[in-house]
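Trainee: Go by the hints and put chain B onto chain A.
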Amino acid sequence: GNSVTQMEGPVTLSEEAFLTINCTYTATGYPSLFWYVQYPGEGLQLLLKATKADDKGSNKGFEATYRKETTSFHLEKGSVQVSDSAVYFCALTRNYGGSQGNLIFGKGTKLSVKP
Amino acid sequence: GAGVSQSPRYKVAKRGQDVALRCDPISGHVSLFWYQQALGQGPEFLTYFQNEAQLDKSGLPSDRFFAERPEGSVSTLKIQRTQQEDSAVYLCASSLGQLRNYEQYFGPGTRLTVT
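Chains as they are written, first to last, in the numbering used here: chain A, 1 to 115; chain B, 1 to 115.
Next comes chain A alone, as it looks inside the complex:
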């Protein structure tokens, strides 16, 4: 079936450190891939997405590249800030032609950034 596996947290980094959160997926067909972020006390927000192989999604200094050959969508940021402290979820949707289905999420990775 379709599933998402992401690295377990929590991840604790110092400000300005490099961030990688690994995400791999299992899916039939050609899923779209997403990173969602949940800041403390807030709802889920879309951080970035990629809809086909080799696409790179980017937002707020975060990047992830859709790698079909390794079925991966790792999240990276070159220099994290305290304000990046949150829980990050990797997710996919199955696609049916031009339509998308429901989101399938990983378990989430909690990131804490210390000043």
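Just so you know, these hints were derived from the structure itself, not from any lab. Some hints here could point you the wrong way.
Below, computed lysine to any residue pairings styled on SDA-like, alpha-carbon distance capped at 25 Å [as the list claims (entries may be wrong)]:
1. A:Lys107 <-> B:Asn101
2. B:Lys14 <-> A:Gly101
3. B:Lys57 <-> A:Lys110
4. A:Lys52 <-> B:Leu99
5. A:Lys107 <-> B:Gly28
6. A:Lys110 <-> B:Val89
7. A:Lys110 <-> B:Ala88
8. B:Lys78 <-> A:Lys110
These numbers were taken from a predicted model, which means no experiment stands behind them.
Mentor: Below, chain B without anything else, positioned relative to chain A:
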């Protein structure tokens, strides 16, 4: 404009009670999803509506769970005879439609605690 709203934000129910959780999607959004997020886990799909039609209810964990969207806008998730394992955050998301480029926007969730 207004985002997705959910009410109540918090609900405590005694085991065996029925509860009803409300979702107000973004105006004009055709697609509506319900997800269940257990503590420390990623959200899991429950059910999907396109307008008033419930097209997928494969994620509902038991026949105690029932969802409706009678006029194609507001949706209610009802849980009958609540059990402790129903304790979770229930998330609602809406999108313009099913096309692959349409983002799902999440509400803040309803935290259900069954005692």
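Trainee: Compare the structure with each hint and give your call.
Mentor: Hint check results:
no. : hint                  : result
1   : A:Lys107 <-> B:Asn101 : holds, 24 Å
2   : B:Lys14 <-> A:Gly101  : violated, 34 Å
3   : B:Lys57 <-> A:Lys110  : violated, 30 Å
4   : A:Lys52 <-> B:Leu99   : holds, 14 Å
5   : A:Lys107 <-> B:Gly28  : violated, 31 Å
6   : A:Lys110 <-> B:Val89  : holds, 17 Å
7   : A:Lys110 <-> B:Ala88  : holds, 18 Å
8   : B:Lys78 <-> A:Lys110  : violated, 31 Å
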